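Undergrad: Okay, here's what each chain looks like letter by letter:
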Amino acid sequence: MQKLAIPESVLMSVEKPERYIGHEFNSVIKDKSKISVRFAMCFPDVYEIGMSHLGIAILYDMFNSFEDTWCERVYSPWPDMDKIMREKKIPLFGLESQEPIKNFDFLGITIQYEMVYTNILQVLDLSGIPLLAKERTWDDPIVIGGGPCTSNPEPLADFFDMFYIGEGETRYRELLDIYKRSRADGDSREEFLHKAATIPGMYVPSMLDVVYKEDGTIDKFVPKFPDVPKKVLKEIVKDLDNTYYPEKPVVPFIKVTQDRMVLEIQRGCIRGCRFCQAGQIYKPVRERSVEYLLDKASKILKNTGHEEITLSSLSSSDYTHLDELLNQLIEECNDKKVNIALPSLRIDRFSLDVMDKIQDIKKSSLTFAPEAGSQRMRDIICKGLTEEDIINGATMAFKGGWTKVKLYFMLGLPFETEEDIKGIADLSNLIAATFYDTVPKEERVNGHVQIVTSTSFFIPKPFTAFQWASMNTADEFIDKAEHTKRYIMGELNQKHIKYNWHEADVSMLEGVFARGDRKLSKVLLNAYKKGCIFDAWSEFYKNDLWLKAFEEENVSMEFYTTRERPDDEVFPWDFIDCGVTRAYLLREWHRARNGEVTPNCRRQCSFCGSARFDCGICINR
Amino acid sequence: MKLRIKFAKRGVVKYIGHLDLMRYFQKAFRRTDIKVKYSGGFSPHMIMSFAQALGVGVESEGEYFDVEVEDGQDVSLMVQKLNEQMVEGISVKEITVLPEKAGNAMASVAASLYEIDFYEGENPISEGIIEKYNALDTLSFTKKTKSGESTFNIKDFVYSIEYISNGIRFTCDSSSSGNLKPKFLVDSLIRLGGKDPEAYPFHILRHELYLRKADGELAPLNYVE
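Note that the protein sequences, when read in sequence, are chains F and B. Quick note: the first sequence, position 232, residue 232 per my numbering, numbers continuous. Quick note: the second sequence, position 29, residue 29 per my numbering, numbers continuous.
Please keep in mind that the hints were generated in silico from the structure rather than gathered at the bench. Keep in mind the model is a prediction, meaning the values are calculated, not measured. Here a beta-carbon is modelled for each residue, glycine too, at the ideal position from N, C-alpha and C. Don't take every hint at face value.
[As the list claims (entries may be wrong)] Negatives, chain B to chain F, calculated, CB over 12 Å:
| id | residue |
| --- | --- |
| 1 | Lys-2 |
| 2 | Leu-21 |
| 3 | Lys-27 |
| 4 | His-45 |
| 5 | Val-79 |
| 6 | Ala-102 |
| 7 | Gly-121 |
| 8 | Thr-138 |
| 9 | Thr-145 |
| 10 | Val-158 |
| 11 | Ile-161 |
| 12 | Ile-164 |
| 13 | Ser-177 |
| 14 | Gly-178 |
| 15 | Glu-217 |
[Claimed, not checked] With a cut-off of at most 27 Å between alpha-carbon atoms, the simulated BS3-like pairs for lysine-lysine come out as follows:
| id | chain 1 | residue 1 | chain 2 | residue 2 |
| --- | --- | --- | --- | --- |
| 16 | F | Lys-134 | F | Lys-34 |
| 17 | B | Lys-37 | F | Lys-248 |
| 18 | F | Lys-16 | B | Lys-37 |
| 19 | B | Lys-27 | B | Lys-132 |
| 20 | F | Lys-296 | B | Lys-35 |
| 21 | B | Lys-181 | B | Lys-132 |
| 22 | F | Lys-16 | B | Lys-2 |
| 23 | B | Lys-195 | F | Lys-302 |
| 24 | F | Lys-357 | B | Lys-213 |
| 25 | F | Lys-357 | B | Lys-35 |
| 26 | F | Lys-299 | B | Lys-146 |
| 27 | B | Lys-27 | F | Lys-296 |
| 28 | B | Lys-35 | B | Lys-132 |
| 29 | F | Lys-336 | B | Lys-2 |
| 30 | B | Lys-195 | F | Lys-255 |
| 31 | F | Lys-302 | B | Lys-37 |
| 32 | F | Lys-495 | F | Lys-399 |
| 33 | F | Lys-302 | B | Lys-27 |
| 34 | F | Lys-302 | B | Lys-9 |
| 35 | F | Lys-337 | B | Lys-27 |
| 36 | F | Lys-248 | B | Lys-213 |
| 37 | F | Lys-299 | F | Lys-248 |
| 38 | F | Lys-336 | B | Lys-27 |
| 39 | B | Lys-213 | B | Lys-9 |
| 40 | F | Lys-422 | F | Lys-498 |
This is chain F alone, in the form it adopts within the complex:
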């Protein structure tokens, strides 16, 4: 008889019980009497989001390929279930075995965005694991974090036993072996963590002391033991054709956000957009071969029955064999009635031809991300997209029958002037005008063009050229959004431009945590205890509780957001070496101020520091 952790009466009373029952096709069940390490892999957001994440699928596959390890999945219970689990004292469980997380050896948590931080506390709390790492014993799993936010894990330092810095495929086997030996030898938890801290890529917060200056900035980092490294170098996979990739990913019963198979064509990005963290922390760009990708695509389609493939990368147009890959994929997919989705594509002749081939007749909207309204600002952020590129792309698209265009911009970028804000409206208008100039009246499909212009608020992130920059205040953001709106209203084609902007409050909080330090752990704990969870969901975000938590803990948000950092300030994340050097980022920060564009990796090496990994574009330009 199959067992479930949640009783029937509860499952029948919550939204989408399928989130909690496991048993999906391709989920892995093992005989636990033959297992020595039980690993719970958590994405701390709702099932539908977590199940759409490729990184988790890769690691799930990798761990379960180890004979001695059983990896299960766990997600944040939705607030309706969260409430009942607390009332009825039902401990959080792994979806596969339906057994409590507390009994596992490891709880791995992927940290994809700052707004899940309170959900991490929710997962620990519901599991019955002490929230503070220092209060844990061998009765608790080792709590290990990974993912992009661990490029600055410091706001979470109190809650994690350790962090894995970089790509997960490389060092887990070593970690599990040391764990098994430690347990067999009767090591204390601290002894184990000490040993773990010597594995490349591992960061154990309790093994590193942070010394602050009087002004609240950092003086220095001091390792507790001489064999604990002063700097943790990120881990990367050198050869993406020779590593783990799930051929039998789990097929969920409910429709998840990404209800399709994901083919990661490359990792990293050749472009050095100065606001973009992903562009730096995944360097250098490494491609997978066409043969590898076609082989995986064919196997995964057969093993899942999915009807759509999405090609995943930071910038698909930069993949050097895109033409060849697509032609062969289209052949395979047409035969099986599989659709191909291609996000992150630059709009040009080639991509429009491709879209004609892969998309059905209904022409959905085209997306451009100029990020900034003026050429001056696009040079500052090093976004190598000119007005000419955009207008040429739009002209071709309009001739091809597209009538909807989405435009993405940022407000509050460093050195922004009123002209740059007005440029957002002007560019939107110019694209609308291009439609009327390009398409004769009798050929206009819907009669008119539809432009949707969206702005988000710029948040400086660690390991970017803008890590020194000042972030705007919430009032400045709102003011800028209102200006943008007014400028758009003043344009000739304003009737056909719809304008959306982001919430400012949540951006401020994201800004605090992005460049935060260990002092934020107590604020996080305070806000969680006040009832903050699912902060990424606007219906659950409670700004007033957050403001109160900062006040009560006597922590200033402005210290982290609006303050411009001097060139020589020690950052909370400086003990991490993400591959690109601080000297390179500082150079980029200074070049940004002068509006100097830096060529991309394919055109010219900028000596960012990634060459020491000796792989990808650094050895094969």
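Dock chain B against the given chain F, drawing on the hints supplied.
TA: Okay, now just chain B, sitting in the frame of chain F:
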């Protein structure tokens, strides 16, 4: 070639909703080499139609859907091929080739055989209550509808009831015009014995879906005249 597929849905998969179950079978077919026919148009989809949606939380040994496949495929191997792609709890039991003129599964449904299992404590529907029920001419049931309430004689929709130790088994109307919710009958019978239905949670298992033959008798939905 039109096929009628009989399957069971037991255990934890009873929490899977109807639309998700349809998607599940579509993906399962795509994992086999069985060539299902697609509709034309802008967004082609598999030609597949389910006899009746099974409520979330209800298990079944007798669910059906119709699917159209390319001609010339080996039907005898299909059961095995599909079962290799099933999760625990869902199993394909039989595949029947339908004659060209056969009515579709949904329109053919006439009745269901249900088994009710009271899983917490005693069975509140005794043999005596069934006798009492059989002796009645009418048993009124009032249900809430969008436009207020409507009252009907539940006996018009129930064909037979049988007492079993932990509950009851009964056959009732499941046609599109007169589909009876099992809970309506169960609650009425518990009340007939002077008890509160809320105090007796039960599981529902559907054993079979029936069509009505030309002679007026009921037969399993994959019966071919």
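Undergrad: Taking the hints in turn, state whether each one holds.
TA: So, going through the hints one by one against the coordinates:
no. : hint                     : result
1   : Lys-2                    : 20 Å, holds
2   : Leu-21                   : 8 Å, violated
3   : Lys-27                   : 3 Å, violated
4   : His-45                   : 9 Å, violated
5   : Val-79                   : 18 Å, holds
6   : Ala-102                  : 26 Å, holds
7   : Gly-121                  : 14 Å, holds
8   : Thr-138                  : 32 Å, holds
9   : Thr-145                  : 23 Å, holds
10  : Val-158                  : 25 Å, holds
11  : Ile-161                  : 25 Å, holds
12  : Ile-164                  : 20 Å, holds
13  : Ser-177                  : 28 Å, holds
14  : Gly-178                  : 26 Å, holds
15  : Glu-217                  : 36 Å, holds
16  : Lys-134(F) to Lys-34(F)  : 31 Å, violated
17  : Lys-37(B) to Lys-248(F)  : 25 Å, holds
18  : Lys-16(F) to Lys-37(B)   : 31 Å, violated
19  : Lys-27(B) to Lys-132(B)  : 49 Å, violated
20  : Lys-296(F) to Lys-35(B)  : 22 Å, holds
21  : Lys-181(B) to Lys-132(B) : 21 Å, holds
22  : Lys-16(F) to Lys-2(B)    : 33 Å, violated
23  : Lys-195(B) to Lys-302(F) : 54 Å, violated
24  : Lys-357(F) to Lys-213(B) : 50 Å, violated
25  : Lys-357(F) to Lys-35(B)  : 24 Å, holds
26  : Lys-299(F) to Lys-146(B) : 50 Å, violated
27  : Lys-27(B) to Lys-296(F)  : 18 Å, holds
28  : Lys-35(B) to Lys-132(B)  : 54 Å, violated
29  : Lys-336(F) to Lys-2(B)   : 21 Å, holds
30  : Lys-195(B) to Lys-255(F) : 41 Å, violated
31  : Lys-302(F) to Lys-37(B)  : 18 Å, holds
32  : Lys-495(F) to Lys-399(F) : 21 Å, holds
33  : Lys-302(F) to Lys-27(B)  : 10 Å, holds
34  : Lys-302(F) to Lys-9(B)   : 24 Å, holds
35  : Lys-337(F) to Lys-27(B)  : 12 Å, holds
36  : Lys-248(F) to Lys-213(B) : 45 Å, violated
37  : Lys-299(F) to Lys-248(F) : 8 Å, holds
38  : Lys-336(F) to Lys-27(B)  : 12 Å, holds
39  : Lys-213(B) to Lys-9(B)   : 26 Å, holds
40  : Lys-422(F) to Lys-498(F) : 15 Å, holds
Of the numbered hints listed earlier, those contradicted by the structure are 2, 3, 4, 16, 18, 19, 22, 23, 24, 26, 28, 30, 36.
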